[in-house]
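Kindly generate the complete structure, drawing on both the sequences and the hints.
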Amino acid sequence: MEMVALAPPAPGRLEDLRRRFFATPLQAILSLICLAIMVFLAWKLLNWAVFSAVFTTTGGPEACQAAAGACWSVIAARWRIILFGLYPYDEQWRSALACLTVVVMTVLSCIPAFWTGRRIAIVWGAGTTLFYVLMKGGMLGLPYVGEEAWGGLALTLFIFVTTCLIGFPLAICLALLRRSELPWISRTTGLIIDAVRSLPLISILFTFAIVLPFALPQWLIGDKLYRVIVGSALFFSAYQAEIVRGGMQGVPAGQEEAAMALGMSYRQRIGRILLPQAMRNALPATINQFVISFKETSLVVIVGFFEILASGNAAYGTGEWRFAYVEVYAFIAFIYFVFVFSLSRYGAFLERRMSVGER
Amino acid sequence: MVRLLRNQKVRNALLQAVFVGSLAALVIAGVLIARQNLARQGITSGFDFLFKSTGWDVSFSLLPATANDPYWWYFLIGVINTLFLGSVGLILATIVGTVVGLARTSSNELAQLMGRTYVDIFRNIPLILQVFFWYALIRHLPTPRAAHDLWGVLLTSRGIYIPAPNVGGAAMLAAAMAVIAAIALVLWLGRTSRLGRPVGERLGVQLAGGAAALACAAAILAAGRLPDLPLLDFPSLQGLNLRGGFRIPPEFSALAIAIAIYGGSYIAEIVRGGFKSVGKGQMEAALSLGLSPWRVFTLVRLPLALRAMLPILANQYVWLMKATTMGIAVGFTDFFMIVALTINHSGQTLEAIGILMAGFLAINLSLAAIFNRINKAIALKGNQLRG
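Quick note, the sequences are listed as chains A and B, same order.
Residue numbering for the first sequence follows the working numbering, starting at 4 and increasing by one per position.
Residue numbering for the second sequence follows the working numbering, starting at 169 and increasing by one per position.
Keep in mind that the hints were calculated from the coordinates and are not lab data.
Hints are not guaranteed to be accurate.
Stated by the list, open to error - Listed next, the stretches of chain A that the computed footprint assigns to chain B, with coverage defined by at least 3 CB atoms under 8 Å from CB atoms of chain B:
1. 27-35
2. 176-189
3. 212-225
As the list claims (entries may be wrong) - Using 20 Å as the maximum straight-line C-alpha spacing, the simulated SDA-like pairs for lysine to any residue come out as follows:
4. B:Lys177 - A:Tyr269
5. A:Lys227 - B:Ile521
6. A:Lys227 - A:Glu354
7. A:Lys47 - B:Thr285
8. B:Lys177 - A:Pro14
9. B:Lys444 - A:Glu354
10. A:Lys47 - B:Leu281
Model, not experiment: these values are computed from the prediction.
The C-beta atom is built at its ideal place from N, Cα and C for all residues, glycine as well.
Set out below in structure tokens:
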């Protein structure tokens, strides 16, 4: 006798809808309320942002004020200020190219083929150098542009990249020091890490920008930009050190003991056995930390830098565009959103991918 | 000498001494240089300045403040402002986060989608950008003469005016305590073993107890009201300005709204994680015992989820408390802004930074202590499973 496996009949499209959204009267009411709210909000948003918005600068601010919707003309008129700040007009292509460098660098470091210590160091070292040369000029026939003229998106990205570049090795050092067997070293490092973590970032930036010059000898004071970068790198590394330490604790003790039994030196043990496994464990949390630190870069506006938020304030703050603040903030929020959202989606993807092996 | 260095104990001791010593030397050198630099500007170090009057005003204070008040009073005002903004932000963020988190864990896919959209949008925009946005929005509201009127709440560019009761300060305080007592009473009635009825069938008793305490609060308010004035003082236009009611300054509202929305998106994820961690079997077991869906939620799902999320929530609260320092971006005189202003006006840099660090350490540690206490109280007891 032949056995026929009968699957339950697949529900039709209408039946499927009914089961998913209208299974019980309560569900049906909830679905309808949600649907109404979403349709209402989406319609309002679309109407504001697209249908009754003004996109061209031809009418000037007056045409904008007459329209009911968004005034994207302010972006069309002021996008250069928002993206490039006070960077010289003729050289702004360099600023754009520099931003592109950072994007390429970030994309490259998301590819697993680049996940060895040396390759990632090369990518970030070369990328940052290229960025710096492009922005600063003074060589290769590029006119010199001092740091005080940097601004907008490029400055935001510069602070973020250098923070990570200094902060990441520092974090690994701090994590190693904290798990040192020598009690005084581990305790002192722990104290530093905890103290930095208990302070708000703004207070650290403020201290490094404004207070530190008092406590430094004249030759060490340097530019405010680099002091702030060091401060933000210190903050980043304190958080990242705890993440790395967490990753190290996930590596079984037997791994290090085996390496010791094989006669490996401390450097070999750390560099070849402990860190590669620890970094793998810590990868999702690390990406999350990068996301947070990118968002926190925006805080430098408080100590007086002309990064993207400040240049946005300037873009609507003067004269005729004073009413168009929502559009400017929406534009900046969109830029942040693109960076942060794609990075955090990537982090979530990695987490899923890595947890596959553990099931 | 070389042999001495080969001895691991000696080497370790030396290494530690060098490490700690060089760090200490760095700090001491910094402090010395700073004192020298400050002395050159005619600033004497020490904490005497705490008792001098400041000579500048604060824009927001819950306590009376004038430019004649000493610095220590201003620091106190700053700490209270930070704690006040922090608690308002925390409470609002928790409400938003719970609602959005529950939407994300609900069985309705449309509600899930809405929750997810909310989290994805507001979590990925920096907090300070949101603060700037809300601040600009409030500053661009119409002037008091053309204020938006929302059921007695006036929205103007000078702040949000809400109706305030015409009640004396002491009566307000007593009424607030009565409300807290009402909440405590409801919770106590739900847990105590002195009532005859089993836990879970006491809704009526709980409601009655709570209503009685609330009635007490209302009675206190009625007794303490100022004579010859209506119970509620609605803000109204007089000349060019608004009189009456309670004014929430734009700085405070912008910060509170931004913290509520941004913090809410993080707390929503924590809430979702907490509910996800409750095993399906637990709920199925509760349902098969014949408990109603509501009681499955309040007696099984919620307590278990709360246990899972409390430690993470505590971290988030500490973070939100630190986020109040964004006040300086819009001119809200929180603790950090008071410290920054002190440095600007008095030049007592080192002392002010020391006070700042001590203040935040104290705030963080006490928050952590409170949450550890709560955590211990609701954590799984060791013998509970075996009974």
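Given hint B:Leu281 paired with A:Lys47 - CA-CA distance at most 20 Å
Given pair A:Lys47, B:Leu281 holds - Cα atoms ~18 Å apart, limit 20 Å.
Compare the distance between the alpha carbons of B:Lys444 and A:Glu354 with 20 Å, and conclude whether the hinted pair is satisfied.
holds (17 Å)
For the pair we were handed, A:Lys227 and B:Ile521, check the Cα-Cα distance against 20 Å.
holds (19 Å)
For the segment 27-35 of chain A, do at least 3 residues have a Cβ located nearer than 8 Å to some Cβ of chain B?
Coverage by chain B holds for the segment 27-35 of chain A (3 residues, Cβ < 8 Å).
Can you confirm whether the C-alpha distance between A:Lys227 and A:Glu354 stays at or below 20 Å?
Measuring from Cα to Cα gives roughly 38 Å; hence the hint is violated.
Using a Cβ cutoff of 8 Å, are there at least 3 residues of the segment 212-225 of chain A near chain B, or does the coverage claim fail?
holds (count 6)
For the segment 176-189 of chain A, does the count of residues with a C-beta closer than 8 Å to a C-beta of chain B reach 3?
holds (count 4)
Can the restraint linking B:Lys177 and A:Pro14 be considered satisfied, given a maximum Cα separation of 20 Å?
violated (75 Å)
Please work out if A:Lys47 and B:Thr285 have their alpha carbons no farther apart than 20 Å.
Given that 20 Å is the threshold and the Cα spacing comes to 16 Å, the pair holds.
Given the hint that B:Lys177 pairs with A:Tyr269, test it: the Cα-Cα distance must not exceed 20 Å.
holds (17 Å)
In this structure, the hints that do not hold are numbers 6 and 8, in rising order.
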